[in-house]
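Residue numbers (my numbering), protein chains in the order written: chain A, 3 to 247; chain B, 3 to 247; chain C, 3 to 247; chain D, 3 to 247.
What the hints contain is simulated information worked out from the structure, not anything from laboratory work.
Take these hints with a grain of salt, some might be off.
[What the hints assert, rightly or not] Using 27 angstroms as the maximum straight-line C-alpha spacing, the simulated BS3-like pairs for lysine-lysine come out as follows:
no.: 1; chain 1: D; residue 1: K33; chain 2: C; residue 2: K33
no.: 2; chain 1: D; residue 1: K232; chain 2: A; residue 2: K33
no.: 3; chain 1: D; residue 1: K147; chain 2: D; residue 2: K121
no.: 4; chain 1: D; residue 1: K17; chain 2: A; residue 2: K147
no.: 5; chain 1: B; residue 1: K227; chain 2: A; residue 2: K227
no.: 6; chain 1: A; residue 1: K17; chain 2: A; residue 2: K101
no.: 7; chain 1: C; residue 1: K147; chain 2: C; residue 2: K17
no.: 8; chain 1: C; residue 1: K33; chain 2: B; residue 2: K232
no.: 9; chain 1: D; residue 1: K188; chain 2: A; residue 2: K147
no.: 10; chain 1: B; residue 1: K232; chain 2: A; residue 2: K121
no.: 11; chain 1: A; residue 1: K147; chain 2: A; residue 2: K33
no.: 12; chain 1: C; residue 1: K227; chain 2: C; residue 2: K17
no.: 13; chain 1: C; residue 1: K232; chain 2: D; residue 2: K33
no.: 14; chain 1: B; residue 1: K101; chain 2: B; residue 2: K17
no.: 15; chain 1: B; residue 1: K227; chain 2: B; residue 2: K188
no.: 16; chain 1: A; residue 1: K232; chain 2: B; residue 2: K101
no.: 17; chain 1: B; residue 1: K147; chain 2: B; residue 2: K121
no.: 18; chain 1: D; residue 1: K17; chain 2: D; residue 2: K33
no.: 19; chain 1: D; residue 1: K188; chain 2: D; residue 2: K147
no.: 20; chain 1: B; residue 1: K101; chain 2: A; residue 2: K33
no.: 21; chain 1: B; residue 1: K121; chain 2: A; residue 2: K227
no.: 22; chain 1: C; residue 1: K147; chain 2: B; residue 2: K232
no.: 23; chain 1: C; residue 1: K16; chain 2: B; residue 2: K227
no.: 24; chain 1: D; residue 1: K188; chain 2: C; residue 2: K227
no.: 25; chain 1: D; residue 1: K188; chain 2: A; residue 2: K121
no.: 26; chain 1: B; residue 1: K33; chain 2: D; residue 2: K101
no.: 27; chain 1: A; residue 1: K188; chain 2: A; residue 2: K147
no.: 28; chain 1: B; residue 1: K33; chain 2: C; residue 2: K33
no.: 29; chain 1: A; residue 1: K121; chain 2: D; residue 2: K121
no.: 30; chain 1: B; residue 1: K121; chain 2: B; residue 2: K188
no.: 31; chain 1: A; residue 1: K121; chain 2: A; residue 2: K147
no.: 32; chain 1: A; residue 1: K227; chain 2: A; residue 2: K17
no.: 33; chain 1: C; residue 1: K147; chain 2: C; residue 2: K16
no.: 34; chain 1: A; residue 1: K232; chain 2: B; residue 2: K188
no.: 35; chain 1: D; residue 1: K17; chain 2: C; residue 2: K232
no.: 36; chain 1: A; residue 1: K33; chain 2: C; residue 2: K33
no.: 37; chain 1: D; residue 1: K17; chain 2: A; residue 2: K33
no.: 38; chain 1: C; residue 1: K232; chain 2: C; residue 2: K16
no.: 39; chain 1: C; residue 1: K227; chain 2: D; residue 2: K17
no.: 40; chain 1: B; residue 1: K188; chain 2: B; residue 2: K147
Now for the letters of each chain:
Number of protein chains: 4
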Amino acid sequence: MVDQRTVDQAERLKKLRHDVWQANLDLERHKLVTFTWGNVSAIDRESGLVVIKPSGVAYEDLSAENMVVVDLEGNIVEGDLNPSSDTATHLVLYRTYAKIGGVVHTHSPQATAWAQAGKAIPALGTTHADYFYGSIPCTRALSNKEIATDYELNTGLVIVETIGDNDPIAIPGILVKEHAPFCWGKDAHQAVHNAVVTEVVAGMALQTLQINPAVEYINQALLDKHYLRKHGANAYYGQSAKNKG
Amino acid sequence: MVDQRTVDQAERLKKLRHDVWQANLDLERHKLVTFTWGNVSAIDRESGLVVIKPSGVAYEDLSAENMVVVDLEGNIVEGDLNPSSDTATHLVLYRTYAKIGGVVHTHSPQATAWAQAGKAIPALGTTHADYFYGSIPCTRALSNKEIATDYELNTGLVIVETIGDNDPIAIPGILVKEHAPFCWGKDAHQAVHNAVVTEVVAGMALQTLQINPAVEYINQALLDKHYLRKHGANAYYGQSAKNKG
Amino acid sequence: MVDQRTVDQAERLKKLRHDVWQANLDLERHKLVTFTWGNVSAIDRESGLVVIKPSGVAYEDLSAENMVVVDLEGNIVEGDLNPSSDTATHLVLYRTYAKIGGVVHTHSPQATAWAQAGKAIPALGTTHADYFYGSIPCTRALSNKEIATDYELNTGLVIVETIGDNDPIAIPGILVKEHAPFCWGKDAHQAVHNAVVTEVVAGMALQTLQINPAVEYINQALLDKHYLRKHGANAYYGQSAKNKG
Amino acid sequence: MVDQRTVDQAERLKKLRHDVWQANLDLERHKLVTFTWGNVSAIDRESGLVVIKPSGVAYEDLSAENMVVVDLEGNIVEGDLNPSSDTATHLVLYRTYAKIGGVVHTHSPQATAWAQAGKAIPALGTTHADYFYGSIPCTRALSNKEIATDYELNTGLVIVETIGDNDPIAIPGILVKEHAPFCWGKDAHQAVHNAVVTEVVAGMALQTLQINPAVEYINQALLDKHYLRKHGANAYYGQSAKNKG
Chain A
3 MVDQRTVDQA ERLKKLRHDV WQANLDLERH KLVTFTWGNV SAIDRESGLV
53 VIKPSGVAYE DLSAENMVVV DLEGNIVEGD LNPSSDTATH LVLYRTYAKI
103 GGVVHTHSPQ ATAWAQAGKA IPALGTTHAD YFYGSIPCTR ALSNKEIATD
153 YELNTGLVIV ETIGDNDPIA IPGILVKEHA PFCWGKDAHQ AVHNAVVTEV
203 VAGMALQTLQ INPAVEYINQ ALLDKHYLRK HGANAYYGQS AKNKG
Chain B
3 MVDQRTVDQA ERLKKLRHDV WQANLDLERH KLVTFTWGNV SAIDRESGLV
53 VIKPSGVAYE DLSAENMVVV DLEGNIVEGD LNPSSDTATH LVLYRTYAKI
103 GGVVHTHSPQ ATAWAQAGKA IPALGTTHAD YFYGSIPCTR ALSNKEIATD
153 YELNTGLVIV ETIGDNDPIA IPGILVKEHA PFCWGKDAHQ AVHNAVVTEV
203 VAGMALQTLQ INPAVEYINQ ALLDKHYLRK HGANAYYGQS AKNKG
Chain C
3 MVDQRTVDQA ERLKKLRHDV WQANLDLERH KLVTFTWGNV SAIDRESGLV
53 VIKPSGVAYE DLSAENMVVV DLEGNIVEGD LNPSSDTATH LVLYRTYAKI
103 GGVVHTHSPQ ATAWAQAGKA IPALGTTHAD YFYGSIPCTR ALSNKEIATD
153 YELNTGLVIV ETIGDNDPIA IPGILVKEHA PFCWGKDAHQ AVHNAVVTEV
203 VAGMALQTLQ INPAVEYINQ ALLDKHYLRK HGANAYYGQS AKNKG
Chain D
3 MVDQRTVDQA ERLKKLRHDV WQANLDLERH KLVTFTWGNV SAIDRESGLV
53 VIKPSGVAYE DLSAENMVVV DLEGNIVEGD LNPSSDTATH LVLYRTYAKI
103 GGVVHTHSPQ ATAWAQAGKA IPALGTTHAD YFYGSIPCTR ALSNKEIATD
153 YELNTGLVIV ETIGDNDPIA IPGILVKEHA PFCWGKDAHQ AVHNAVVTEV
203 VAGMALQTLQ INPAVEYINQ ALLDKHYLRK HGANAYYGQS AKNKG
């Protein structure tokens with residue numbers, strides 16, 4: 003007799019494979035990646051299974067079928083290929099934050115420059131405030147010991163340490179020092195969206211500082227206004243919200 | 003019996019919907035927008051009706067039919083979708099300046115960097131002078147009170163405050179501080195054209211200052227010459243003017 | 003009875019119209035122009051007739067047929083459209099330098115930034131030295147009087163003043179201060195080629211100075227070597243020269 | 003009677019011509035070249051024959067057939083065209099380093115800016131560390147004598163002088179001062195791959211320094227970790243390595 007839960011899970015995973023495959027291709031469409039320098043994953047919360055890009059495979063060779071399925075401890079559940087070498091980092095985020103449904107890692111050049119510089123991307127305007135409710139933080143450097151053992155796990159842990167008690171969805175991205183950005187969202191699609199925003203605001207922020215090195219952070223009232231008109235309980239941007247004041 | 007004025011108005015609105023739809027697509031063609039970060043509107047002066055992009059809809063999903071028609075007070079006259087969240091800003095410009103026929107808002111990166119820096123884009127060369135008869139100004143920051151209530155309306159009012167007694171067509175664009183550019187023209191097409199110019203001269207101006215931080219503003223006589231050979235009574239650029247001296 | 007010289011001239015002009023049309027399209031292919039901000043011309047030395055882009059016409063509307071033919075004094079010999087508003091500048095160059103067969107004007111952004119900054123593009127490497135036998139100079143500013151009367155003619159004259167006794171083919175381009183680059187070559191195709199090089203080396207030079215503000219000009223021996231291996235009597239780059247030492 | 007060694011060599015050269023042709027086209031696909039400013043070669047170690055791009059030929063006119071075959075002393079063995087003017091530089095690298103199978107030279111703009119500045123590209127992050135086990139060095143300037151005689155040979159010799167006793171595969175690229183980058187790898191494909199990385203990290207490094215002029219080089223432990231997880235004996239990036247710890 004067929005277990006309906008098994009059927010449902012297979013359906014959900016099939017859709018998730020498709021979404022994660024497409025989200026990985028979106029990295030190329032949005033010019034966030036060179037070669038294979040980026041990966042997207044998403045989680046099926048009901049089963050605790052994560053779908054992620056295989057390691058080192060060119061984007062044109064990806065398919066829904068060759069995405070790798072792992073459990074939250076990183077054991078391969080489905081798939082013949084190695085999962086992304088950054089899998090352990092993704093899994094820390096899923097294990098720690100129930101709200102996170104998709105994770106993206108890229109080396110997009112402008113955000114990576116901020117990560118290499120070891121500086122948070124300051125919130126300087128409404129483009130930033132529409133998506134990030136404050137500066138995009140940069141982690142501390144990992145210690146030699148953290149690098150030597152369980153490096154990818156420790157990369158996830160330093161992200162969690164930096165987020166602290168904040169809501170990860172309010173600032174859905176971070177820079178890992180000397181490395182590059184990790185971004186996330188409620189699903190793979192939103193995670194990629196936030197990775198694009200991170201790259202755009204990284205470039206704008208550098209240019210802003212070049213024009214005016216004494217620029218001040220965005221007025222808190224304006225940050226509130228823009229973030230909340232898109233994300234707050236009374237959001238009125240777009241078509242899903244009909245409650246415009 | 004058919005009212006000929008009603009027929010004429012329907013014809014004009016049909017054409018305007020088409021023009022505004024195409025002008026919105028031009029934002030993508032000219033690489034001024036990421037995702038849905040831009041909108042174009044145009045006005046039918048005879049009826050006082052404004053056609054504008056719906057809020058948060060992807061450019062590939064736009065059509066002449068799903069453009070939204072509002073009156074000058076922002077009431078939806080035709081259309082099932084919410085109009086752009088920036089509609090109130092557009093409407094202030096139409097209500098204040100009879101010469102303005104089209105309005106564009108983007109977050110094009112180089113112009114946005116100047117807006118975030120809170121600095122006017124100085125007129126440094128003839129590329130700028132061919133379209134803008136002086137620097138592209140930057141507004142003051144909005145007060146917390148202006149942000150809290152009627153934010154988009156107040157964005158329009160601070161633009162008007164900055165233009166003051168100047169001719170809005172002679173300098174067809176402005177930077178809203180900590181936000182991004184708004185541009186305009188006699189119709190939607192010219193408004194987009196001016197938004198492209200704003201982005202290009204923003205980038206050139208930063209590079210110019212990087213090469214020579216002590217650069218001076220363009221000689222007033224050269225500014226006059228270039229602006230007026232394209233826009234003055236004795237213009238001789240292009241094919242419509244046959245009065246070349 | 004048919005005059006063979008007339009037939010020959012018609013043949014040459016037909017080919018020249020085609021070449022100038024294609025060279026104008028190459029400005030777009032090489033991303034040197036926004037809208038109609040660029041023009042190419044070429045001269046038929048035997049007849050002294052110059053083929054040039056019409057003013058303010060979009061590149062997609064250009065054809066070999068709508069190119070304008072003018073004589074060296076600027077009189078329209080063939081064509082229904084106004085020639086480029088910069089025609090008088092092109093003609094000064096053809097009248098002064100017998101070696102120049104094609105002229106290009108663009109507002110390509112990086113070269114224009116140097117022109118706005120009023121600085122020559124220094125020869126900092128072999129990319130530059132392969133085409134320009136020294137820095138790409140920048141003219142002085144025009145006086146108010148030169149701007150007020152015969153502006154385009156005076157733009158040509160200040161270029162000639164800047165070149166002085168130098169060979170215009172050895173440094174086939176110049177920056178007009180507060181304006182933009184003019185480039186040239188033995189024909190329209192080479193003029194466009196040199197306009198591309200000007201844009202590329204302009205960008206490289208700014209980045210070089212940002213990395214090392216104290217950088218010195220290229221060693222003269224290396225400038226000689228690269229320029230002369232491509233352009234000297236003993237050139238050995240490419241396929242036409244078989245005299246490699 | 004057919005010599006099997008001759009047959010085998012012909013087969014290998016046929017494949018190498020194809021690979022080198024494609025690798026040259028990859029320079030355009032990755033936007034590393036303007037016009038013909040780049041060339042790729044590869045060596046067949048068994049015969050000591052090198053396949054290289056012909057000099058000054060446009061990429062669209064290249065074919066597997068018109069690649070030039072030279073021996074390690076630069077004598078043309080097959081082909082009607084002149085080999086790249088930089089052939090002598092490539093040959094020094096093949097003669098000196100048995101591990102090098104492919105060589106690329108470009109004038110990619112960001113890497114060239116560092117070469118013009120006379121500065122090594124510092125290792126500032128993991129993007130760099132994934133491919134280069136330390137900074138990408140810059141050679142000293144050539145002396146006037148080295149420029150005057152056997153210039154291309156001396157360009158190769160100064161590269162070798164700069165590499166010194168280091169493993170050329172651990173840092174598979176270099177900047178020739180006042181000139182541009184040369185990169186290499188085990189074959190033509192990897193050499194192009196490394197040329198792309200060089201361009202990307204060159205741009206990131208400049209932006210990093212603009213954000214934080216006091217930035218420090220990457221932690222040595224992190225450099226080790228990233229380089230070795232891709233290239234060490236226990237590499238676990240990608241699909242060929244199944245030894246993930």
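Against the structure, the hints:
Taking the CA atoms of D:K33 and C:K33, the gap is near 13 angstroms; set against the 27 angstroms cutoff, the hint holds. Between the alpha carbons of D:K232 and A:K33 the distance comes to roughly 23 angstroms, so the proposed pair stays at or under 27 angstroms and holds. Simply put, D:K147 and D:K121 have alpha-carbon atoms about 23 angstroms apart, close enough for the 27 angstroms limit, and the pair holds. Between D:K17 and A:K147 the alpha-carbon distance is near 47 angstroms, which puts this suggested pair outside the 27 angstroms criterion.
A threshold of 27 angstroms between alpha carbons decides the hint, and for B:K227 with A:K227 the separation of about 43 angstroms lies outside it, so the pair is violated. Note on A:K17 and A:K101: the hinted pairing holds, with a Cα-Cα distance of about 19 angstroms set against a maximum of 27 angstroms. Our distance criterion of 27 angstroms between C-alpha atoms is broken by C:K147 and C:K17, whose separation comes to about 40 angstroms. Annotation: proposed proximity of C:K33 to B:K232 holds, straight-line Cα distance about 23 angstroms (limit 27 angstroms).
Simply put, D:K188 and A:K147 have alpha-carbon atoms about 33 angstroms apart, too far for the 27 angstroms limit, and the pair is violated. With a C-alpha separation of about 46 angstroms, the suggested pair B:K232 and A:K121 falls outside the 27 angstroms cut-off, and the hint is violated. With a C-alpha separation of about 34 angstroms, the suggested pairing of A:K147 with A:K33 is violated against the 27 angstroms cut-off. Under the criterion of a C-alpha separation no larger than 27 angstroms, the hint pairing C:K227 with C:K17 is inconsistent with the structure, at around 36 angstroms.
At roughly 23 angstroms between alpha-carbon atoms, C:K232 and D:K33 fall within 27 angstroms of each other, so this suggested pair holds. For the suggested pair B:K101 and B:K17, the alpha carbons sit about 19 angstroms apart, so the restraint of at most 27 angstroms is met. Restraint check for B:K227 and B:K188: the C-alpha separation of about 22 angstroms stays at or below 27 angstroms, so the hint holds. In summary, the hint linking A:K232 to B:K101 is not supported, as the alpha carbons are separated by about 33 angstroms, beyond the 27 angstroms threshold.
Restraint check for B:K147 and B:K121: satisfied, since their Cα atoms lie roughly 23 angstroms apart, inside the 27 angstroms limit. The suggested pairing of D:K17 with D:K33 holds, with an alpha-carbon distance near 25 angstroms, which does not exceed 27 angstroms. Distance check on the hinted pair: D:K188 and D:K147 sit about 33 angstroms apart at the alpha-carbon level, beyond 27 angstroms; violated. About 40 angstroms separates the Cα atoms of B:K101 and A:K33, which puts this hinted pair outside 27 angstroms; it is violated.
Of the pairs offered as hints, the one joining B:K121 and A:K227 holds, with about 22 angstroms between alpha carbons and a cut-off of 27 angstroms not exceeded. For the hint pairing C:K147 with B:K232, the CA-to-CA distance comes to about 19 angstroms; that is within 27 angstroms, so the pair holds. The hinted pair formed by C:K16 and B:K227 fails the criterion: a straight-line CA distance of about 35 angstroms is larger than 27 angstroms. Distance restraint check for D:K188 and C:K227: the Cα-Cα separation of roughly 31 angstroms exceeds the 27 angstroms cut-off, and the hinted pair is therefore not satisfied.
Between D:K188 and A:K121, the direct Cα distance comes to roughly 37 angstroms. Violation of the 27 angstroms bound is thereby established for this hinted pair. Pair hint B:K33 plus D:K101 does not hold up; C-alpha atoms about 44 angstroms apart against a cutoff of 27 angstroms. The hinted pair formed by A:K188 and A:K147 fails the criterion: a straight-line CA distance of about 33 angstroms is larger than 27 angstroms. Pair hint B:K33 plus C:K33 holds up; C-alpha atoms about 13 angstroms apart against a cutoff of 27 angstroms.
This hinted pair checks out: A:K121 and D:K121 have alpha carbons roughly 24 angstroms apart, not beyond 27 angstroms. Between B:K121 and B:K188, the direct Cα distance comes to roughly 26 angstroms. Compliance with the 27 angstroms bound is thereby established for this hinted pair. Restraint check: the Cα-Cα separation between A:K121 and A:K147 comes to about 23 angstroms, which is no more than 27 angstroms; the hinted pair holds. Our distance criterion of 27 angstroms between C-alpha atoms is broken by A:K227 and A:K17, whose separation comes to about 36 angstroms.
Using a Cα cut-off of 27 angstroms, the hinted pair C:K147 and C:K16 is violated, with the two alpha carbons roughly 39 angstroms apart. As the CA atoms of A:K232 and B:K188 are separated by approximately 31 angstroms, the hinted pair breaks the 27 angstroms bound. A hinted pair counts as satisfied when its Cα atoms are at most 27 angstroms apart, and D:K17 with C:K232 does not qualify at roughly 32 angstroms. Between A:K33 and C:K33 the alpha-carbon distance is near 19 angstroms, which keeps this suggested pair within the 27 angstroms criterion.
With a CA separation close to 32 angstroms, the supplied pair D:K17 and A:K33 exceeds the 27 angstroms bound. For the suggested pair C:K232 and C:K16, the alpha carbons sit about 31 angstroms apart, so the restraint of at most 27 angstroms is broken. Among the hinted pairs, C:K227 with D:K17 is inconsistent with the structure: their alpha-carbon atoms are about 35 angstroms apart, more than 27 angstroms. Of the pairs offered as hints, the one joining B:K188 and B:K147 is violated, with about 33 angstroms between alpha carbons and a cut-off of 27 angstroms exceeded.
Violated hints for the displayed structure, listed by number in ascending order: 4, 5, 7, 9, 10, 11, 12, 16, 19, 20, 23, 24, 25, 26, 27, 32, 33, 34, 35, 37, 38, 39 and 40.
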